[in-house]
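K.L.:
Chain residues, written in single-letter form:
Number of protein chains: 4
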Amino acid sequence: MTGNSFGKLFKITTFGESHGKAVGVIIDGCPSGLEINESDIQREVDKRKPGQSIIATERREEDKIEIMSGIFEGRTTGTPIAIIVKNTDADSSKYENIKEIFRPGHADFTFFKKFGIRDFRGGGRASARETVARVAAGAVAKKIISKEGIKITGHVIQIHNIKAKKFEPEEIEKNNVKCADSNAAKQMEQAILNAKAKADSVGGLIEIKIENVPAGLGEPIFDKLDALIAQSIMSIPAVKGIEIGRGFDTINLFGSENNDGMSFEKNKIKFKSNNAGGILGGISNGNTIIVRFAVKPTSSIKKPQNTIDSKGNEKTIKIEGRHDPCIAPRAVPVGEAMIALVLADALLIQKTRSV
Amino acid sequence: MTGNSFGKLFKITTFGESHGKAVGVIIDGCPSGLEINESDIQREVDKRKPGQSIIATERREEDKIEIMSGIFEGRTTGTPIAIIVKNTDADSSKYENIKEIFRPGHADFTFFKKFGIRDFRGGGRASARETVARVAAGAVAKKIISKEGIKITGHVIQIHNIKAKKFEPEEIEKNNVKCADSNAAKQMEQAILNAKAKADSVGGLIEIKIENVPAGLGEPIFDKLDALIAQSIMSIPAVKGIEIGRGFDTINLFGSENNDGMSFEKNKIKFKSNNAGGILGGISNGNTIIVRFAVKPTSSIKKPQNTIDSKGNEKTIKIEGRHDPCIAPRAVPVGEAMIALVLADALLIQKTRSV
Amino acid sequence: MTGNSFGKLFKITTFGESHGKAVGVIIDGCPSGLEINESDIQREVDKRKPGQSIIATERREEDKIEIMSGIFEGRTTGTPIAIIVKNTDADSSKYENIKEIFRPGHADFTFFKKFGIRDFRGGGRASARETVARVAAGAVAKKIISKEGIKITGHVIQIHNIKAKKFEPEEIEKNNVKCADSNAAKQMEQAILNAKAKADSVGGLIEIKIENVPAGLGEPIFDKLDALIAQSIMSIPAVKGIEIGRGFDTINLFGSENNDGMSFEKNKIKFKSNNAGGILGGISNGNTIIVRFAVKPTSSIKKPQNTIDSKGNEKTIKIEGRHDPCIAPRAVPVGEAMIALVLADALLIQKTRSV
Amino acid sequence: MTGNSFGKLFKITTFGESHGKAVGVIIDGCPSGLEINESDIQREVDKRKPGQSIIATERREEDKIEIMSGIFEGRTTGTPIAIIVKNTDADSSKYENIKEIFRPGHADFTFFKKFGIRDFRGGGRASARETVARVAAGAVAKKIISKEGIKITGHVIQIHNIKAKKFEPEEIEKNNVKCADSNAAKQMEQAILNAKAKADSVGGLIEIKIENVPAGLGEPIFDKLDALIAQSIMSIPAVKGIEIGRGFDTINLFGSENNDGMSFEKNKIKFKSNNAGGILGGISNGNTIIVRFAVKPTSSIKKPQNTIDSKGNEKTIKIEGRHDPCIAPRAVPVGEAMIALVLADALLIQKTRSV
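In order, the protein sequence lines correspond to chains G, B, C and Y. Those letters in the first sequence? Residues 7 to 361, by the numbering used here. Those letters in the second sequence? Residues 7 to 361, by the numbering used here. Those letters in the third sequence? Residues 7 to 361, by the numbering used here. Those letters in the fourth sequence? Residues 7 to 361, by the numbering used here.
A few of these clues could be false.
One copy or two, either will do: identical chains are not told apart, so a pair holds if it fits within one copy or between any two.
As the list claims (entries may be wrong) - No farther apart than 25 Å at their CA atoms in a straight line, the calculated lysine-lysine pairs in the DSS-like style are these: (1) 321 <-> 171; (2) 202 <-> 278; (3) 357 <-> 274; (4) 149 <-> 357; (5) 105 <-> 274; (6) 308 <-> 278; (7) 153 <-> 357; (8) 321 <-> 278; (9) 272 <-> 357; (10) 321 <-> 276; (11) 53 <-> 169; (12) 276 <-> 309; (13) 308 <-> 276; (14) 157 <-> 357; (15) 274 <-> 215; (16) 105 <-> 92; (17) 27 <-> 70; (18) 27 <-> 92; (19) 192 <-> 204; (20) 70 <-> 92.
Hints were generated in silico from the structure; no laboratory data involved. Computed from a prediction, not measured in an experiment: that's the story for all the values here.
Please model the entire structure based on the sequences and the hints provided.
P.N.:
The structure is reproduced here in structure tokens:
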């Protein structure tokens, strides 16, 4: 109700501030009998870990997950799975001086207006640190959907003005920007370093492909698969736009160009194209689902900015802290996690939709 | 749970098929004491009525709303408001021949895969006819938000390759394409007629501005205001992309360009720009909220298309029926309604967020 | 959220006031492919119809149900099922004089305090008339659970001080008080008529048996099967208490008496007793579920009562209108419907609880 | 959805098994600005702590709560409050021998049928140990409702055949059975010790009074205040019945006896009686709310019992472990907590029910 839960049958509820004791998640509704252990979850969480390269924040969190409940002898029991990640490297001292100041591009001002109080340390609940809980939960969701053969591949296709030109999935984990084009990856890294050198930041574009989704998932009319994907992705910090399949570009097409014709090939249904991005009428059609979303340039920059404080004064601020000059690569596992959550839930609901 | 409800406190549940007896909605959670009557709702519903111009479908529905409950002596009583619109001009005969055929770009195939059965008449539940219930409910939501001074203005900013160049809001209701630029409107109409003449269809881009939203609305982390707007808009038939503020274009900016600096002007907080589109960290910041979304070209076209039927045969189909060659203009009031629903709900929730 | 929906996957949302245009319900989440038609629903609705005997209200509602959506060619389509019952015999004139007066035992005062406004005609939303929508929805739920062999039998076991001494289920529909003991039934009718003659009213005790429930239904820890049954039954107008199995009487037993031992009989699990009433730890154990609930004496009586009005005056009131002097018999089908709703939902959820 | 969340706006989600690492709760929707600290919560949790007297289990849990998030500088921030209680004195060895055996009166069999797997150690999720999370959350809820002046008083009014005859609230915390009648308390303790001596157990009856509840709380028709109280109370382990006000006894009254007449006394509304128990039509009427519920005798007894195992064998079982021979006194703070949760939520929702 008040925003910290997501999903219906496979439902997560997360908690935690950047510089509090811990962040974590309760997963309610995970089916019993699913084989899973801490390392399955840790592996996914490690993908978004800060401090993995020179282009990321220097905060060094171990991000060690602890399962508190719901798993017994290597299997889920059907009861709530609680996962906790303690905050160990939080350095709140750098935030004392911005206690009363609203950082531009951040949620400082809006949390203050909403709640009349805010935990200013490290951005509090508005910090991207909360996404570690999403990724941990997403790891469990991935276990469920992978049983159906569903495979999620996220990658960065643009950083600032550098675009990927190839899709070689084996490259994604080999570079610091999670790009499937090794040449573009190098230029992207350079673009980020250039921005950092200028005390500035850049944004990026992410694409997620979801293969082998069975036709029939999604709940019209408000919980259409694309509608929930849109919600889930837009809820990730710094995301400002989302499109499915051909997306905004469909405006430039005629209906006869945009519609994906159907035929049979070796007795299997075949779409002649995939402009719909795997979803029709809000329900998966069996084609690969294609999602793209825009991540704005990191709001925390060292360049001086004009702003105000809560006492009514105008201020100039240079944000110190430890921040990624481009958050897009670290948003890839978060995007994958959110989509895994949407799909695990949709799969469970679909089990109940026919007698 | 299974997709036909939207909202938490101000919650709607809709029903109805295109060629069934009626479409309708129950609004649960509307505060008591709100002055409203049938004409307030009828006026909004009339904005999306089909058959209003040569460029729209020829189906002639009167779309007469009936309030069944929840309003007494001109005021809401706090109990559920049920609104019904009977289907009067449904002509199912044209759908007999597509009973077993999956129309490209439509939800025929996916509903069949989901439910194993479908009401093929006029697209059944997947028809855009269901949006009349959203608009009726949105009219009640608009009453609530207008008490706070919130104003929603939707308009078409692009049809196919024709873009609006001016924003003169008084023009919007004067043309058939709901465009705020009268010159562009003429070209857009022509583009639609050209597509129709070629038995084809075109898509469009819609922008919605929401003015005077108080800072503080939206529920991080999953029900952020932009996340719910994204869900609500993406749930509208034919929408393939959504962005907030500068949206996808933020990728091209540096952080120092994208962040909206703050200052005071005559003792009021002032943002130097509005790249964020009125939302920071998922919470409204008091600035105008800017939403843009892409509507794909209408799937129903008279041009022959390759498809299959449910018996395993390849088919060629020409879709007869009565269809808008461009659905974008009619999606404007629907988009406004969805945003009104999101905001009415957010306003109510915000009443409970501080002691 | 605000009280007019019930259930998770098989979810109903009801609307309607006693003297408004109609009462009705939307069922969302009903699986597709279920065979059902209007007469299946009408038959159940007829069981609670007013005006069936000399001991019931004289209001004569036809209670004709109309299905507006969600059923096509005799089967559910998986989309929302809307059912409407128009109010035809509402006579509001008798309520003009109590417009400002709070009837003792009624919700007049509390609705006024809650909403600041009330539809006083016939009790508005607080009238037991709303239960027609529950019964209509329950008829669909019964279709689902009967496919699993589940059978629900409700009957009156006490009216005022008259208790049933036998359980002959075939008797239930043969008398006006839905009692399974024909002798007791006669005395119960007389007790009701006696109360009526004294311008007074009486209450009753209802028992519902639910046979053939598979073990495993119910969702600890808050949506335990007995917890949801308790909510569902206590939500029925005039109900003041609910117990499961041996209920309040377990206080008088030792643990060794109360625990239901287990054994095998012809290879089937057998409980030596059923003090638990078919539910252990909030989950069905395969034994017959036993529910009992108390229905208070009808609040509307012709005897003069002391009360107040909304203007601050003390008043004496004699309630005219047309009212059942004992509502318990008519609460039987409502109780059955609520339990059917709980079980249909539990069955659907249980489909998703293991991989 | 799957049972581990309760509440709408003030919503809790709990986790944890009896012998897992921890039990805990996330509270989402707590208003910001509420003053609260760990000791406020610890104090309530201590009230249900095991091992406090010779009549309770010998398990010695420290039940030390840890707040992980949502509270900053002594005030709630509006973000989720996570509270954790580690399990420290779990001794699973005594459960090895019942790994495959279904204890009579317990949820062993039903969890096994539901999930196909169960964490048998200490009853797993079905253990009353989970109620510590409810009490912790209830402590926060009590802070909210006490700001409105609401006061909750729970006490034991019957153990086996011993009934309290006086209500002296200051006595409640002075004896081991939470009885407001010191003489009865002594006899109750003796009755429990007698049962223990016979390797048996007894049950009890609890009454909760809630004073100073403002009129207007509760959401008809399914979330009536009494309906949610019924759900919340029936969800407590071992509860088999619940009644409001005069409850089951209303069956014995005429309507003219049962209706609570109204008058004015010193300009304040006054009810001549409180048979309704403070709730009319599912909405609080301003009178004291009276709830009574039955707690069955503890299922775990040392007396030999007949049962079966999961392999198809009949067995005799004597339950060793460490168990309360009467759980009723420890159910008092749990009942209070559940009611506090219902009321905190109802208060928040009521803020949104009028314009």
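K.L.:
For every hint, state whether the structure bears it out.
P.N.:
How the hints compare with the structure:
no.: 1; hint: 321 <-> 171; verdict: neither (43 Å within a copy, 37 Å between copies)
no.: 2; hint: 202 <-> 278; verdict: between (44 Å within a copy, 24 Å between copies)
no.: 3; hint: 357 <-> 274; verdict: within (23 Å within a copy, 29 Å between copies)
no.: 4; hint: 149 <-> 357; verdict: both (17 Å within a copy, 18 Å between copies)
no.: 5; hint: 105 <-> 274; verdict: between (61 Å within a copy, 21 Å between copies)
no.: 6; hint: 308 <-> 278; verdict: between (49 Å within a copy, 19 Å between copies)
no.: 7; hint: 153 <-> 357; verdict: both (14 Å within a copy, 17 Å between copies)
no.: 8; hint: 321 <-> 278; verdict: between (57 Å within a copy, 14 Å between copies)
no.: 9; hint: 272 <-> 357; verdict: neither (28 Å within a copy, 34 Å between copies)
no.: 10; hint: 321 <-> 276; verdict: between (60 Å within a copy, 13 Å between copies)
no.: 11; hint: 53 <-> 169; verdict: within (22 Å within a copy, 42 Å between copies)
no.: 12; hint: 276 <-> 309; verdict: between (52 Å within a copy, 20 Å between copies)
no.: 13; hint: 308 <-> 276; verdict: between (52 Å within a copy, 22 Å between copies)
no.: 14; hint: 157 <-> 357; verdict: both (20 Å within a copy, 24 Å between copies)
no.: 15; hint: 274 <-> 215; verdict: within (21 Å within a copy, 45 Å between copies)
no.: 16; hint: 105 <-> 92; verdict: within (23 Å within a copy, 33 Å between copies)
no.: 17; hint: 27 <-> 70; verdict: both (13 Å within a copy, 16 Å between copies)
no.: 18; hint: 27 <-> 92; verdict: both (6 Å within a copy, 15 Å between copies)
no.: 19; hint: 192 <-> 204; verdict: within (19 Å within a copy, 47 Å between copies)
no.: 20; hint: 70 <-> 92; verdict: both (7 Å within a copy, 18 Å between copies)
The structure fails hints 1 and 9 (numbered hints given earlier, in ascending order).
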